[in-house]
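Take a look at the letters that make up each chain.
Number of protein chains: 2
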Amino acid sequence: MEFMKIQHVSIAGAGNLAWHLALAFRECGITIREVTNRNRIAGKELADRVNARFVDSPSNLDPAADMILIAVSDNAIHEVASSIRNAGNTLLVHTSGSTGIEVLREASSNTGVFYPLQTFRKGTYVAFRNVPVCVEAINRQDEESLLDLGRMLSDTVMRINSEDRKMLHLAAVFASNFPNYMYSIAEEILKTNDLPFSLLGSLIRQTAAGAEGGDVFTRQTGPAIREDKNILETHLQLLKNHPDYQRIYNLISQSIIQHKEKDVKL
Amino acid sequence: MEFMKIQHVSIAGAGNLAWHLALAFRECGITIREVTNRNRIAGKELADRVNARFVDSPSNLDPAADMILIAVSDNAIHEVASSIRNAGNTLLVHTSGSTGIEVLREASSNTGVFYPLQTFRKGTYVAFRNVPVCVEAINRQDEESLLDLGRMLSDTVMRINSEDRKMLHLAAVFASNFPNYMYSIAEEILKTNDLPFSLLGSLIRQTAAGAEGGDVFTRQTGPAIREDKNILETHLQLLKNHPDYQRIYNLISQSIIQHKEKDVKL
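Residue numbers (our numbering), protein chains in the order written: chain A, 1 to 266; chain B, 1 to 266.
The hints are simulated quantities; they were obtained by calculation from the structure and are not laboratory data.
Please note that a few of the clues may not be correct.
To list a few chain B residues with every Cβ distance to chain A over 12 Å, as calculated [what the hints assert, rightly or not]:
1) K5
2) Q7
3) L23
4) R38
5) N39
6) R40
7) I41
8) K44
9) D48
10) D62
11) P63
12) A64
13) S109
14) E144
15) D148
No more than 20 Å apart at the CA atoms, straight line, and that leaves these computed lysine to any residue pairs for SDA-like [unchecked claim]:
16) A:K5 / A:G88
17) A:K191 / B:E163
18) B:K262 / A:R247
19) B:K260 / A:T192
20) B:K5 / B:G88
21) A:K240 / B:K262
22) A:K44 / A:S73
23) B:K122 / A:I225
24) B:K260 / A:D244
25) B:K240 / B:E188
26) A:K260 / B:S73
27) B:K191 / A:G210
Ideal Cβ positions, reconstructed from N, Cα and C, are used throughout, including at glycine.
Throw the hints in and build the complete structure from the sequences for me.
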């Protein structure tokens, strides 16, 4: 299928994701024409970094770019899209996991989503080739353009509709945000007792690597899956000064036990 | 300090940990003399594998070994230790994170703990050199013997008393068992929607690797730390058919938000 090769991109936003995408696009030879951002300092910094022009409002973006990428917080997508004037046929794309494509409907007739499934932090290198990119577009040609753009960056590029993308984002919260918080609780427990968090490094890595093959619940170890009531009781007791961690420990452990019993019944 | 070099070991237990330790000891040139286990088939299998004699009860273990290692479930340690007759001065050691050294008190005057901080599954290779080993003993010479034994297996060997070891085990539940359950929930969400779990591999690995440096809470990303109420609401709605996952999602998210506000106040 014939499609437009995306070569000139303008970006609204200068947060972590905007920053990483802008740099990754540049590495693939794509020109960043303009950057706009509510915070001028951050916006100019990114514009300078990628040799782009800074414009002070989305309404001043030149609609002649092949694509305008809206990489702002979910709550701001609609407002930014609405203020892009004369977008007309310009391909307007957002980068959010949990926002449907329809948020862009009023702003352009050609819209899409370009969602990299990874958490991004400024100053941390991301090997983009390993980051799955999920793509959606209202019309087929734009979809091809976004798939092509995705393949320039990553080895894994998939068409995913808005409904599935929301599910994927929800799963990513469980697979990444919540484990990170669990690590943080572990770190706090150790710090309080003057024990080095580095002791847990091998365990954390090994557990993450073990998930690779799927069927993760069969790999569950620990006192909950063994239904070891003495240890569960001891652990709740040790957490007596942290009622919130105590509740988390108890709820997750009970859920593991119930999940096990459900599995056995099937 | 002069200490006895541990060269001949007998083992009570044939579960995952007993199995991995027995093989690791053998690789270091240590002789496994005898194996005992309640389940005879599993016990004999391990004994055969490491060229040891199988004995049908702990009471028949030859107390002439340098060390008798009790690698059984926490609830059974006391019973197994009590039934080892004539232990007298034999170094009696258990491998439990959450059981104090005092559980062995009545069985021998020389007791210790040898606790490798890792989850073990049969048939899964473990690079023991990366597994921290925590050691405790009632008397100094035995402690030196166990430290020496630990160093034969691992690059990280530490003296840790029973109280700290319990904290370490609790932290390990948060760092490993709970993240694994989070992965398992993510996998279930994706499966239900015919999406491949492999999409999350890079994210899971990257999050685990990111914990390496400590200060993990500063790396927290996602809707909870951004206090993005719309997405939190959307996610709870998507989980409406999984009330237990909904409760976990809500409790962890609220805890992240509270933790953030506490950090800001400090």
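For a C-alpha distance cap of 20 Å, please report whether B:K260 and A:T192 respect it. Distance of about 18 Å is within 20 Å: holds.
Was B:R40 rightly flagged as not at the interface, with every chain A Cβ beyond 12 Å? 22 Å, holds
Take a quick look at whether B:K240 and B:E188 sit within 20 Å of each other, Cα to Cα. Roughly 14 Å separates the two Cα atoms, so the pair holds.
At 12 Å, judged by beta carbons, does B:K5 keep clear of chain A as stated? 26 Å, holds
Assertion that B:L23 lies outside the chain A interface [Cβ separation over 12 Å]: 17 Å, holds
Please work out if A:K240 and B:K262 have their alpha carbons no farther apart than 20 Å. 18 Å, holds
Would you say B:E144 is clear of chain A, with no C-beta pair closer than or equal to 12 Å? 21 Å, holds
Checking a non-interface call: every C-beta of chain A should be farther than 12 Å from the C-beta of B:S109. Is that right? 26 Å, holds
Is it true that the CA of A:K44 sits at most 20 Å from the CA of A:S73? 18 Å, holds
What's the verdict on B:K262 and A:R247, does the C-alpha distance respect the 20 Å limit or exceed it? 18 Å, holds
Compute the least Cβ-Cβ separation between B:I41 and chain A, then decide whether it is above 12 Å. 21 Å, holds
Does the claim that B:D48 lies outside the interface with chain A hold up, using a Cβ gap greater than 12 Å? 26 Å, holds
When the structure is compared with the earlier hints, no violation turns up for any of them.
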